[in-house]
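*Asks:* If you're matching them up, the sequences are chains A and B in order.
The working numbering runs 101 ahead of the 1-based position in the first sequence.
The working numbering runs 10 ahead of the 1-based position in the second sequence.
Quick caveat, the hints were computed from the structure, so don't treat them as lab data.
Wrong hints could be hidden among the right ones.
Pairwise CB distance ranges, derived in the manner of DEER restraints [said to hold, decoys possible]:
1. P221/A / R54/B: 50 to 60 angstroms
2. S264/A / V260/B: 51 to 61 angstroms
3. G115/A / A27/B: 52 to 62 angstroms
4. R218/A / V93/B: 50 to 60 angstroms
5. L82/B / W215/A: 47 to 57 angstroms
6. G129/B / L170/A: 54 to 64 angstroms
7. A183/B / G115/A: 22 to 32 angstroms
Ideal Cβ placement from N, Cα and C applies to all residues, glycine included.
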Amino acid sequence: MLRLTGLSKRYDRGDAALNGVDLTVPDGEVVALIGPSGAGKSTLIRCTNRLVEPTSGSVELDGEVITALSPAGLRVARRRMGMIFQEFALIERLTVMENVLSGRLGYVGFWASWFRRFPPEDVRQAFHYLDRVGLAGFENKRADALSGGQRQRVGIARALMQSPALLLVDEPTASLDPRTSRQIMRLILELCGERGLAAIVNIHDVALAREFAHRIVGLRKGVVVFDGKPEALTPDALTTIYGSEETDA
Amino acid sequence: MPEYPDVWRKPPLIASAWLRWGIGLAVALYLATAIGSVNINWVRLAAGLPRGWRFLTSFFPPDFLSRGDEILEGLEESLAMTVTATAAGVALGIPLGLGAARNLAVRPVYLLCRTIIAGSRTLQELIVAIFFVKMFGFGPFAGMLTLTFSSVGFIAKLIAERIEAVETAPLDAIRSTGASWLQWVNYAIQPQVMPRLVGLSLYRLDINFRESAVLGIVGAGGIGATLNTSLDRYEYSTAAAILLAIVAIVLVAEYASGSIRERLR
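If we strip away everything but chain B, and leave its shape as in the complex, we get (with noise of 0.2 angstroms):
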């Protein structure tokens, strides 16, 4: 019988070990230096502490009637921007998608999408909202434009991730009965995607409707800007109130998107 090694490593990712060690060691460094240059403040901190908490105090106990139709009017506008926006978001972003599937599209089609994701993906919601609305004025509609655009990028960015990932033999099975490429799309690979698409687009209506509360600050409108109001008048209790709404809002839009998801495996 044979002698066999009774010793074995995983061969290492990096091959190179000077590589390996050099770039383990530069990050290390790199964090070290980067903490070092994060001051930390204790007596500050300290500070901070008891006038952070004054600021909490002042937000009990919440007034939901005093500012009570106010309140519900931002809300009324958020919601109908979210839906709106989500729903334009997945008309958008599906076929925006599908050229950006590495497997669907021609190379130019797949590179000009991608692009235009990158786009939408780079500019933070604040930032469009500014822009949009400069060119449109305040209100809802610059903040429902906001969320479009950046649905749009988020929706067509993970779908087309989905759809690289797909099972290829049925691929293979519905060409090669002559199908034409939408039918192709239609059969082979939209069962496939179906589930994650649904789940998305509850996901993205549940962060749209937190990022309306934000866009208000801004002057695009909705809950965030009675919130911003709010806040500018010290109405600590009604700020408060307003908080919680959007909290049982977002509950209620998780719970109900499991119960979704749930039905629709």
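In isolation and in its complexed conformation, chain A is listed as follows (with noise of 0.2 angstroms):
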């Protein structure tokens, strides 16, 4: 379980880009979050894993508190926080496998990772996981000579290989076409509801969100203005969390 108190991110330059949201996400379930472009999606995401340090509030996963952990103990426990990008962010110049491996860093000594002699159950679990997303037979493939969809499960794939109990997905479909959007996102759902995994994942589209999440979240400006079930998400709502097209948000 995931619970964010009051936490708020104020950067050097600029307004709050997050300010005092609460948000408790439990086990197996899915939070689309959605809003305006500069709302604070991104940064809400990367408060969580503190990718972005926060500049109050705390963040809590299974009842350990992230924001207080010294930069060992966040090393360890980023380890149960996947991340799935909207660009992929894959390392373009080695191969799907390496790439699925560079999951279990966190839990791999460098000489290991250095000559990519991971544990052999890390290797047959990558091999699973790259089965699981549609991409068996590709691990020796470099990563650049795939296509987006392509790319993005093995992304997945990487972030399935921390064993995470969080999922942090940013803009996972952004760059893809309908139906490899649909794809992916079916795919992601599947793999939480089977490892009961949380989710919060930031999303544009709406109809997506809709489809797919268990949940939604509306935020706008840094502040939580919606949270409810997809069905609660009315014309009203979307109002709420857009603005009216011809106010300026």
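Assembly of the complex is requested from the two constituent chains, each provided in isolation within its own frame, with the hints serving as guidance.
*Replies:* Structure representation (structure tokens):
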């Protein structure tokens, strides 16, 4: 279970990107985070694993206070938070297998990773996940030889390799075509179901969010302005989140 | 659930094991023989150390005063050489660099420009300097030409490499507006390579100044000539003063170029 309490982030110049966000995500729940550009969706995700250091407030994962951890403690805690990125963020010149195995770096010592001698259990797991995301036989291809949808599948496999309790997913479909987008969203949802993972998914596409998420959270100017079932997301609610066309948000 | 393998090896860069080990063995063998062929004479090494030490100590204390005018004159000459050569090198290097970028120039132009660059980069500065001194006589003019000659190749090669690495989306965007070739270069490429060009030019300025301290030895003027003269006269404390002045100027240039680049980002 993930619990954010009073989470705020103020960048050096400019307004507060996040303003006292309270959010609890139980295991197995997929939350779609929607809101206009600049509402703080990415900041929220990045504050959760402290890629961005929050200004105040706390992040708690399964009872452990992430915001109170030392750098070494944070490293260990990050293993349990798999992240999936908009532009896939694969290491393009490495093979698919190396990208997937990189999800184990938090568990494996330096020399083992340097010589690419990951524990047999990890390798077996990597082959398993490659198969699960539909990329069996791709292990020796270089990441830059793959299509967008295939790359995102590698990104998902990499995140799963961390044995996460939580997936942080930042615009997973923004660089993909509609059909591939639906495939990727379905895959993420299935995997969260299979493994009982909590997930926060930033997403621009409201229709996709409605179709796949268990719950929708609307963010506007760093504040949660909607939190409910997809069915509750009425046109009025959407106007609250995104502002009306006439007014300048 | 199917069985998954629990071993994975990264495919090697060279697929054939024979070739891979053969190359490795050949390199190792050559390295071993090469090390063997360099006679390391420990006796001479030991005898040389105190002599080297005596040579070094004769540089102290540095003497800026007794040849002060000559040092100043040499420095001025070197600076003038450096600045003019760098400016000329950049001015000539940019068009040559445009021509030497594979994504910009047609094949014949590309090959021609690459050949010119190769020529400029193969010939070491001292050799070029001797040639120019023979042609135009002693003095900073020969030095200036030498530095220009090697700056052109340096700037052109490195800027061409930067141009080949530009983002391609803006290239298509500007081309699709109906822009001419020059407009295209000005709008799509120049902004992308500008920071690199400024950085390279400042770096080359730095190199040229240090190079000018050597060129004087073959008669191409500048602080190198002053340094050479003082060494010929066994005036080591003057030589030390000159070396310190060179170090100071290089440090100032280093600091200045750093802060300029900082502002230009």
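*Asks:* Would you mind marking each hint as holding or not holding in the structure?
*Replies:* Against the structure, the hints come out as follows:
1. Range check, P221/A to R54/B: about 57 angstroms between beta-carbon atoms, so the 50 to 60 angstroms window is met.
2. At about 54 angstroms, the CB distance of S264/A to V260/B agrees with the hint of 51 to 61 angstroms.
3. Remark: the range hint 52 to 62 angstroms for G115/A to A27/B is upheld by a beta-carbon distance near 58 angstroms.
4. Range check, R218/A to V93/B: about 56 angstroms between beta-carbon atoms, so the 50 to 60 angstroms window is met.
5. At about 55 angstroms, the beta-carbon gap between L82/B and W215/A stays in the expected band of 47 to 57 angstroms.
6. At about 60 angstroms, the CB distance of G129/B to L170/A agrees with the hint of 54 to 64 angstroms.
7. The hinted window of 22 to 32 angstroms between A183/B and G115/A holds, with their beta carbons roughly 29 angstroms apart.
Checked against the numbered hints given earlier, this structure breaks none of them.
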